[in-house]
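Once you have looked at the hints, place chain B on chain A.
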Amino acid sequence: MAERGGFGRGFGGRGDGEGGRGGRGRGGGRGDRRGGRRGNKSEEEKWVPVTKLGRLVKSGNITSLEQIYLHSLPVKEHQIVDALTKDLKDEVMKITPVQKQTRAGQRTRFKAFVVVGDGNGHVGLGVKCAKEVATAIRGAIILAKLSVIPVRRGYWGNKIGLPHTVPCKVTGKCGSVTVRMVPAPRGAGIVAARVPKKVLQFAGIEDVFTSSRGSTKILGNFVKATFDCLMKTYGFLTPDFWMETRFSNSPYQQYTDLLSKQATKAILPPTEEIPPVEV
Amino acid sequence: MGEVILAMPGQWAHDYREKADHYTSKIGGLPDWPDLDIPVSGKLLLCDFCGGKLCLVAQIYAPLSMAERSIDERVIYVLGCMKKDCGSNPQSWRVLRLQRCKQDIESKDEPLKAEQPEEESTSVAEDKPTSQSSSVKVCDDEDSDSDIDLDDLAQALEQAATLASNSKKQDGTKHTRKIVEGPVAKKLIDDLTTPVLPCFYIYSQRNSSEGRMDKANFVGGSSISLKEIEKSSGNESEGESWEGEAYEYDKALGADRTYLKFKKQLDAYPEQCFRYSYGGNALFPVANVPKLGACKICGSARRFELQLMPPLLYFLQEASDDSSNFSIDGWTWLTIIIFTCPKNCCSGTCDEKSSNSCRCIVEEEAIVIQDD
Chain A
109 MAERGGFGRG FGGRGDGEGG RGGRGRGGGR GDRRGGRRGN KSEEEKWVPV TKLGRLVKSG
169 NITSLEQIYL HSLPVKEHQI VDALTKDLKD EVMKITPVQK QTRAGQRTRF KAFVVVGDGN
229 GHVGLGVKCA KEVATAIRGA IILAKLSVIP VRRGYWGNKI GLPHTVPCKV TGKCGSVTVR
289 MVPAPRGAGI VAARVPKKVL QFAGIEDVFT SSRGSTKILG NFVKATFDCL MKTYGFLTPD
349 FWMETRFSNS PYQQYTDLLS KQATKAILPP TEEIPPVEV
Chain B
648 MGEVILAMPG QWAHDYREKA DHYTSKIGGL PDWPDLDIPV SGKLLLCDFC GGKLCLVAQI
708 YAPLSMAERS IDERVIYVLG CMKKDCGSNP QSWRVLRLQR CKQDIESKDE PLKAEQPEEE
768 STSVAEDKPT SQSSSVKVCD DEDSDSDIDL DDLAQALEQA ATLASNSKKQ DGTKHTRKIV
828 EGPVAKKLID DLTTPVLPCF YIYSQRNSSE GRMDKANFVG GSSISLKEIE KSSGNESEGE
888 SWEGEAYEYD KALGADRTYL KFKKQLDAYP EQCFRYSYGG NALFPVANVP KLGACKICGS
948 ARRFELQLMP PLLYFLQEAS DDSSNFSIDG WTWLTIIIFT CPKNCCSGTC DEKSSNSCRC
1008 IVEEEAIVIQ DD
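For the protein sequence lines, the chains are A and B, in the order given.
Residues in the first sequence are numbered consecutively from 109, following the working numbering.
Residues in the second sequence are numbered consecutively from 648, following the working numbering.
Honestly, the hints are just simulated from the structure, not real lab data.
Everything hinted at is true.
For lysine-lysine, the following DSBU-like pairs were computed, each having C-alpha atoms within a straight-line distance of at most 30 Å:
1) B:LYS908 - A:LYS208
2) B:LYS908 - A:LYS154
3) A:LYS340 - A:LYS202
4) B:LYS908 - A:LYS197
5) B:LYS943 - B:LYS700
6) B:LYS898 - A:LYS277
7) A:LYS202 - B:LYS910
8) B:LYS898 - A:LYS325
9) B:LYS730 - B:LYS938
10) B:LYS910 - B:LYS898
11) B:LYS898 - A:LYS154
12) A:LYS166 - B:LYS910
13) A:LYS202 - B:LYS898
14) A:LYS208 - B:LYS911
15) A:LYS239 - A:LYS305
16) A:LYS154 - B:LYS911
17) B:LYS911 - A:LYS202
18) B:LYS910 - A:LYS154
19) B:LYS938 - B:LYS908
20) B:LYS910 - A:LYS208
21) A:LYS202 - A:LYS325
22) B:LYS911 - B:LYS898
23) A:LYS166 - B:LYS730
24) A:LYS202 - A:LYS306
25) B:LYS911 - A:LYS194
26) A:LYS325 - A:LYS277
27) A:LYS340 - B:LYS908
Selected chain A positions facing chain B (in silico; Cβ < 10 Å):
28) TRP155
29) PRO182
30) LYS184
31) PHE221
32) SER255
33) VAL256
34) LEU327
35) ASN329
Note that beta-carbon positions come from the ideal geometry of N, C-alpha and C, so glycine has one too.
Looking at chain A on its own, in the form it has when it is part of the complex (with noise of 0.2 Å):
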């Protein structure tokens, strides 16, 4: 039985007038209408935000990631953090062939780990596997994206200039891997191996001594335990925080235009006015 959906068949037949009509007039009738501008496709116009977040970062109502990060939004679009962020840099870790057994020999796919950071505080990883090299590294610059956390610094001692290291002792956890960071004066420099040091300068922290167990030969383990590691650094309770926190409206609702505000607009009709009185 052969069925056919009919709705681009609708196009061909009578809509023809309207959809041809709106495939070629695209460009200005929007402009017209709008003075936005549509017809031209350049890269960063090219957007259309999916997530009711990304709605509102596209309309310019959130500013920075921070008040994405105080009420845990998840970032569902990595053009939310392209926006937000400036210069944020983006770094290839590593590119591993996988494989898999099948029937008719191995199947080989590239894994690639990607680290992007602005160097000020903000850092994130991708991992993604794709049977092509350049495919993978694509999509692992969209998952470190979509990954971006911020990083808690703090002093080792006096609290002079800007922070630079670690606030607390903290560790982190992948697979078999631990990772401790530990706050370090001034001048020591990241003290770590050659792989999360990567995700340390990115972090933007300049001085911390490491410490690691496990079995770190499993690279992978061992970036996403140093990762964890920083997610954890604003986790941790500090006297700073003891204070009560005044709590903020979360964006969505913040931005919600509640229809009692567009109450005061007068319900006009499009061609109404006012007869002329008879004398």
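Same frame as chain A, but now just chain B:
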């Protein structure tokens, strides 16, 4: 059957209340009901949750051609409620399938011809508006000839209706002059009580192959080139070797694997307003999906037909900044998936003897998936 047709946004309507015909697919605006023996009952147009009026979200002309019969006049209307609390409630959404049941397979042109004589008879008395409107309606250069003819007739009909109902008009000559003076001669539906969303038309596009998706992923840009990767992989030393890696599914802090697949399809065509695939598979953004009901009339399990996508919300919000009195900020859905009866059954009041066969309105089911 498995192919997916994407609906891309076309031109905005000049006025949100303008009337198109029921062969047009559009988003927003007011619903274009075809000639009905019984007008659409009020209960179907009210929200189940709050009792207010529903507004048209999407009107999709979706004819079917199956082996034994073809249903040319089949339109799907998606209605939603714009009140604050109704947005997240699945009860406040309604999907209506309106079709004309035919016993014999007729050609596609015949329904048009059948309707034209009806409209001609009413417009004979008002031939002045017809001639006036055809001279004014040159706003769109790309109209095809057949479009103008039928639009003129429909416009004449509507003008007759508006002339009759509009109380402020003084006399006949002033009516036609007033309409000519307007910037566009598109007819308006004279219904001011129903909330109206910004209206734009839709054109369809086939979902092309995978190559598109890889390009789409590259929009973010990368500062890495393949040469650098080969260099860095050559830098292995100091006894480091990345061992023991196994395949890993995609995961991010806020997004799981199912959502990332959904987003990948969206990134291929970032402006898709809805996906149409009669009998195909829906694209679910979350793993667990609520259960479906069966068709109320024939009892068969419903099948996927189309799903509305989030860019639609973005376009509507972009447009409604300046004007409307109703806000759709309460809508936070990721997708609305619409399931219809596979047998396209009728409500049972079809009379086989009637030549101009009846039209049925059947309520179908929609699943609203929220964006948490």
